[in-house]
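K.L.:
Residue numbers (the working numbering), protein chains in the order written: chain A, 1 to 275; chain B, 1 to 337; chain C, 1 to 300.
In case anyone wonders, no lab produced these hints; they're calculated from the structure. A couple of the hints might just be wrong.
[Stated by the list, open to error] Looking from chain A toward chain B, a few residues come up when the C-beta cut is under 8 angstroms (computed): (1) L54; (2) A59; (3) V60; (4) V61; (5) R82; (6) R85; (7) G86; (8) G90; (9) L91; (10) E112; (11) A113; (12) N116; (13) Q117; (14) F218.
Beta carbons: idealized from backbone N, C-alpha and C, even for Gly.
Chain by chain, the residues run as shown.
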Amino acid sequence: MKVEIANLTISFPSPQGMSQAVRGVSMTLGAEKLGIVGESGSGKSLTARALLRLLPPAAVVTADRLQFDGIDILKASERDMRAIRGKRAGLILQDPKYALNPIMTAGAQIAEAWRNQKKGSAKEAMQAAIDLLAQVQIRDPKRVAAAYPHELSGGMGQRVMIAMMLAPDPELLIADEPTSALDASVQAEILRLMEDLVSRRGMGLILISHDLPLVSHFCDRVAVMYAGRVVEELAAGELVRAQHAYTRGLLDCLPTLSHPKGRLAVMSRDPAWLA
Amino acid sequence: MNGRNGRLAGTAASLLLTLFGLVFVTFFIGRVMPIDPLIAILGDHAPEDVMARTRVELGLDQPLVVQFGLYVWRLLHGDLGRSVMSSNLVTQDIARYFPATIELATVAIIVATLIGVPLGVLAAVRQGSVIDKVIRVVCLAGHSIPIFLLALLSLLIFYATLDWAPGTGRADVAFEGMNPVVTGFLTIDTAWAGDWDAFYDAWAHLAQPAGVLAYFSMAFIARMTRAFMLDALAGEYIITARAKGLSALRVIWRHAFGNIAVRLITVLALTYAGLLEGAVVTETVFSWPGLGQYLTVSLLNADMNAVLGATLVVGLIYMALNLFADAAYKMFDPRVR
Amino acid sequence: MSDVVKRAWLLSDAPTSRSQAAWGRRYRLWCDFSSNGLAMTGLVIVVLLVLCAVAAPLLAPYDPTLQELANRLSVPTAAHWLGTDELGRDVLSRLLFGARVTLGMVIAVVVTVAPFGLAVGCVAGYYGGWADTILMRVTDVFLAFPRLILALAFVAAIHPGVTSAVIAIALTTWPPYARLARAETLTIRSADFIAAVRLTGASSGRIILRHIAPLCLGSLIVRVTLDMSAIILFAASLGFLGMGAQPPSPEWGTMIATARRFFLDQWWVPLMPGLAIFVASLAFNLLGDGLRDVLDPKQR
Chain A
1 MKVEIANLTI SFPSPQGMSQ AVRGVSMTLG AEKLGIVGES GSGKSLTARA LLRLLPPAAV
61 VTADRLQFDG IDILKASERD MRAIRGKRAG LILQDPKYAL NPIMTAGAQI AEAWRNQKKG
121 SAKEAMQAAI DLLAQVQIRD PKRVAAAYPH ELSGGMGQRV MIAMMLAPDP ELLIADEPTS
181 ALDASVQAEI LRLMEDLVSR RGMGLILISH DLPLVSHFCD RVAVMYAGRV VEELAAGELV
241 RAQHAYTRGL LDCLPTLSHP KGRLAVMSRD PAWLA
Chain B
1 MNGRNGRLAG TAASLLLTLF GLVFVTFFIG RVMPIDPLIA ILGDHAPEDV MARTRVELGL
61 DQPLVVQFGL YVWRLLHGDL GRSVMSSNLV TQDIARYFPA TIELATVAII VATLIGVPLG
121 VLAAVRQGSV IDKVIRVVCL AGHSIPIFLL ALLSLLIFYA TLDWAPGTGR ADVAFEGMNP
181 VVTGFLTIDT AWAGDWDAFY DAWAHLAQPA GVLAYFSMAF IARMTRAFML DALAGEYIIT
241 ARAKGLSALR VIWRHAFGNI AVRLITVLAL TYAGLLEGAV VTETVFSWPG LGQYLTVSLL
301 NADMNAVLGA TLVVGLIYMA LNLFADAAYK MFDPRVR
Chain C
1 MSDVVKRAWL LSDAPTSRSQ AAWGRRYRLW CDFSSNGLAM TGLVIVVLLV LCAVAAPLLA
61 PYDPTLQELA NRLSVPTAAH WLGTDELGRD VLSRLLFGAR VTLGMVIAVV VTVAPFGLAV
121 GCVAGYYGGW ADTILMRVTD VFLAFPRLIL ALAFVAAIHP GVTSAVIAIA LTTWPPYARL
181 ARAETLTIRS ADFIAAVRLT GASSGRIILR HIAPLCLGSL IVRVTLDMSA IILFAASLGF
241 LGMGAQPPSP EWGTMIATAR RFFLDQWWVP LMPGLAIFVA SLAFNLLGDG LRDVLDPKQR
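Next up, chain A with everything else stripped away, as it sits in the complex (with noise of 0.2 angstroms):
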């Protein structure tokens, strides 16, 4: 499994012509772990969306390359994408609370999206869902599989959520801030559940998110975008030797324990970051 993201660039219709909101993105991936880090707005979400062509019908949508294993996103019919989405490549949302379907339990969603690429019987499908949500180490998988996602916590949900989305084993799992919606101290609950998911079946992750210690823990290499580009791609190891004055930037935020200051750095941007 191997995605190619060559010169991306999506574009939205406005009132003052077409905004571009990622500007000639590059990226390659295999089966690792890939951190997507950048401020809202900064075109993250939107290129991981890409990739599953799941970008609202608005969007206009160009780039040299878009390859999923060799297929071509841009050029693929919608029969060949439902062969990739979810069978080959899932993604979780950053809200489960939004982002599982009110009026179906959690288990019949999990059940549907193993029912769809397994094609089993519904009790099949029900059993399947009870030991996936065992898998993600939910306590009761019972109960939970019998609940509507209003009677479940963020991080149930979430956990849900990574349920429905390895029913098909998938190769390729792309997390959208899957954490950020949770209390602090699941967060790191569910990062680890996630990793360690994917590290066990050999799967390929994209974790995006606004949190740049968080991912470098958790990633073999972060992308940093800004502004619809990204600006620095470096091995999670070598953070300290980011080059760009916006990681730079971004990393002098932070307050750590081990060399205190009087005061925390402000991000001064510079416009020609922009170009």
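With the hints as your guide, set chains B and C onto chain A.
P.N.:
This is chains B and C only, laid out in the frame that chain A set:
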């Protein structure tokens, strides 16, 4: 469980209040308004002593509060008074005219739902396309056209010009009163009796008024369906469903439509209630012997007992439908359950 | 100022004054609105309709009451563009004057209903508690009634005519406004800026009048515009059933009612006022739809 009982009590209380309001408003219109009910009953030229006696008989000499109590008391005993025009009990009249209206409204809402819901879904899924625009305009036209104009146009085209449809009324004179009344719905009673000519005739007469009403409510249903669907399709869970690799049909019907179904039931209940109103005008144009026509004829004759009785009955059905919509919500939506 | 400069000033990302920001916002709304062809069509028709109503005496080729019995039920001709009615009156002239009656009724209903509904809704929403319960129960009672039938019963009990029709329509139209204003008020009431205003010592009345009511206006305007078409149809239905404006008033619904018996032979006579109602009501619907898309995008 306490919360649930509390909610039930709240619903019951608000229901009683609404019911009281309904009765009060009809009483208010009937008794406090400038028209002297005696003149409506006895005419302008009745002798003084007859006037006075009737006044006492009807309790009109009592204070208003007592009169209201009397009014409620009679209502509780199913007494809506006597129609001046037909000199029947108003309840008898209503029982006779009502099935025709229900028959009309029911056929109309079934047709409207079967067409309106898919159209609304289609428009939402293809938002901004030509087909969406066409559906929007068709719906807007349905909202904008006066129903009596639609009814008259239908008569002009299908009856007078093309001669496809029979004229006004509920059945041809030849079939009038030929079959025993079982349900009061001609389309069922004629089939029950095995009189297929009359059966065909009943449907043929029904087609035009039901079609007019159906278009009118189809426009509303399609418009609401479209709005709800747009709302649902913008939900994050739709992205999730698509990311799972589900087919477009399944995403649209299971996930998006599944989420609006309950809200649609509410709309359908309200539309059905609206049809009872739309029936007033439609029945007048098509001489359809239903409650609506009964109401307008009574209005023109200042037959207030009949008017208020019919108003009250339609109001009650309105309330019942609202209640049903509410109950449906609580039954089928896991978030409120 | 050239047009380009003006446009740049309006669309500036960093307005330098409050009025620039306000006008910039209005300009953007107008850009959105004017790019919607259907909504613009609606606006143009509504403006034309108002002009016709205002200038009816100047535009009408004949006196709308002038009878020409020798020329009854005439087909549209060069002399009578839309034909004549059953008393030989010029239909076009009657339609133009009828626009005054219809629009007059609509305006009369709106100016009574909108402020009343707004007041009830804001008070109920702002004070909550008993005021809310009582006001909303009353609203519910009116909502529980079939509107047309309540209006018919009401008009029949007083006296059929324009005034009672307006009262009856108003009586049955205000509840949704109260509901809407209350819902808006509930969301605004708990906002921080209201707390800030309260801290500066503003009275409840002032808060409602100066801070809450203006914010409810946007959705109220949308609702009013969409309702206009319903009110037009409502008034016409009352007229058609003989409970609205009375002949010889050139109210459109009433005109259809009197001309209805000629429908199968001289179909154009009742058709003309019917089309007038349709066009007027469609125009308000188009306008309201466009306004909603611009002012209230989330309710589409």
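K.L.:
Each hint should be assessed against the structure and marked as holding or not.
P.N.:
Here is how each hint holds up against the structure:
1. L54: At about 6 angstroms, which falls below the 8 angstroms cut-off, the nearest Cβ of chain B leaves the hint on A:L54 intact, so it holds.
2. A59: violated, 13 angstroms
3. V60: violated, 15 angstroms
4. V61: violated, 16 angstroms
5. R82: holds, 5 angstroms
6. R85: For A:R85, the interface hint holds, since the closest Cβ of chain B sits about 4 angstroms away, which is under 8 angstroms.
7. G86: holds, 3 angstroms
8. G90: It holds, given that the least Cβ distance between A:G90 and chain B is near 7 angstroms, below 8 angstroms.
9. L91: holds, 4 angstroms
10. E112: holds, 7 angstroms
11. A113: holds, 4 angstroms
12. N116: holds, 6 angstroms
13. Q117: holds, 7 angstroms
14. F218: Since the shortest Cβ distance to chain B is 21 angstroms, the answer is violated.
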